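Peer 1: Sequence:
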Amino acid sequence: MSLHSTEVIGTPWFGHMTNHGHSLRSILQRDALASWSGSRQFSSESDIPRATSRDPGSPQNPIDLRNVRIPEEGGDEGVGGGIETKIPSEGGWLAVMYRIGMWCSGPSVLVVIFLFSAFGLIYGASRELGYHLSLRHIFERVDWEREVSVAFIGNAYLFVNDMPRIMQAISKNQIHQNSVIHPGGSLGSLLLTGNGMYSAWKTGTADLGQQYIKDYGRKEGVYDFGMCSVKQLLLGVDEYMGYGNPYGAYKNDGLNPCIMDQYYYSYVAGNLADEPVKWDYVVLAGQTKRMVVESARNDTLFELVNSYAPMLNQSGAIPLLVDTHAFWSDSTNMTGLGNDVPSFTANIQNGVKVYASALAEALPRSQAPIIAPVGLAYLTVWEENYDLWRMLFVRDMVHASVYGSFLFACVLYMTIFGHRLPDNDFQFPSEVADLFATSRKLVGGNHYFPSQEEMAYLKNVAKRVVLKGYVPPSLPRHSSGR
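The sequence shown: position 161 = 161 (the numbering used here), numbered continuously.
These are computed hints drawn from the structure, not numbers from a lab. These numbers were taken from a predicted model, which means no experiment stands behind them. By construction, the Cβ of each residue, glycine as well, lies at the ideal position given by its N, Cα and C atoms. Hints are supplied without guarantee of correctness; some may be wrong.
Unchecked claim - Label-pair distances were calculated between CB atoms; the ranges are:
no., residue 1, residue 2, range
1, Met391, Asn306, 32 to 42 Å
2, Leu467, Arg390, 24 to 34 Å
3, Gln452, Gln262, 41 to 51 Å
Sequences are here, hints too, so could you generate the full structure?
Peer 2: This is how it looks when you write it as C-alpha cells:
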C-alpha cells in the first residue's frame, strides 16, 4: 500500500496532491514521525507506521500507554530521545516556580493590587481627618479579655453619673481608670485649677474604706476624688502641686482635694510612688459651646497644642476626643450654636475635628487622635425616636440621664476596643442598675433605667455609628465637605 492510500484518516482536502506527487498529509506524517523517532532511521516508506482506522493509535482505538515501553535515560534505545519537555513535573522547585509564574500573570494580582490601593486611599483619608487607622484595626480578632488603661480629663460630661466608673463597670473591670474632672471646667481652665471634685464626690460609693485623724481628733474618711492635676495624671508627678497650694501655681477655688486635704494629697502621691502611671488612652471632653464659638475654640486649640500635646507625647497615650452631644434647652443661651439639633451637632463635630487635626500635627503618627462620635449617636436617636431622645437628658435637657450615660458609655467602649459589647452583657432591671451602682454620684433625682429593648436599641445605635460609620441623614455638611 502506498502513502496515497484512501485509508488515511482526514478530510478530502488532505487527499489533494502536491506538485511533487505526494499528498500534503503524507509530508506532514513523514515530518511528525521523523521527530517522534529521534535518531531512528527507516530504510523505506514501507517501514514508516501508518495511521489508519484500524491502527491502535487512531481516535477510535487509542493506544494503551500501559503497554508502551519508555526508554530509560541513558539507555541504548533512541540515542537522542526526542526534544526534552519544558513543562515541569508535579513535584520539585520548577513546578512551584511554574505555578507562581502562572498565578502572577493572572487576575489574582490585579485583585491584590486593588485591595492594597483601596486600603491606601482609606488610610490616607483617615489621616487627613485625624483618625487613627492601622491594619491591626482591620484584621485584629476580637480579644474579649483585653485590658486597657484610660485617663479621663473633662467637665460635667464626665462627672454626671460618673463616666469613669461606668466605663470600668461596662468593661467588666477591663478598663483601669483615673481622672481629673472639674464641673464646668474647660480643657484650658483644668490646667489652672486641677481636680474639682472635693465636695461633689464625698459620697458613700466614693469611700475608700480608710480613715485618718483630722483636726481636733475628728475622724475623716478617704474618698476617691481622682488625681490632683492634669500633669500629675498624665506624667505621674507634678512638682508644683501640693497641700495648701505652696507655690501658688494653681487657682485655689476650694474644690481641689489635694490642695484642701493634706492626707489625700499624701495618699495620691504614695500610690503614684508605688505604681507609676501608664495610659493607653486619654479621654478629653471639652466644653460643647467652646467647640462651636470660634474665639473660644481658638483658645482651646492653643492649650491643646502647647500644653496637652507635650504631655501626651511624653506619656505615649492616644488622645480620644469626645464629640459631645447637642442639646436644645430653654434653660441655656443657644445663640450662635445652631438653628436646630442637626446644625448644632454639625457645628460641634466640625469643632472637634479641628481639635483632632491640631493634635495630629503636634503628635507622632502612633498617637494620632481618635474621635468618639457621641454626638452622632444622640442625633441618630433624635431622628429615629424623638421621645427616647428626650429621655437621654435630665430635666435641664442639657446633661445626660442614665439613658444618655449608657449610650455615651457604649460609644466610648466601642471606640476604645474596636468591637461591640458582648451579647446579653446586661439584663434589666438588676444588672443595668448595677452598671451605675458604683457611680460616685448620680444626678437628676429619680432614675429610670432603660428596658431590655431600649438598651438593645441604644447599643445598636452605638454599633452603627462607631463600627459601621453610619451618619444621620439630617446632619448638615460644612463648606469643607466633611
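Peer 1: Each hint needs a verdict: does it hold in this structure or not?
Peer 2: To see whether the hints hold, each was checked on the structure:
Our hint of 32 to 42 Å for Met391 and Asn306 holds, since their Cβ atoms are close to 40 Å apart. The given range of 24 to 34 Å is respected by Leu467 and Arg390, whose C-beta atoms sit roughly 26 Å from each other. Between Gln452 and Gln262 the C-beta distance comes to about 48 Å, which sits within the given range of 41 to 51 Å.
Checked against the numbered hints given earlier, this structure breaks none of them.
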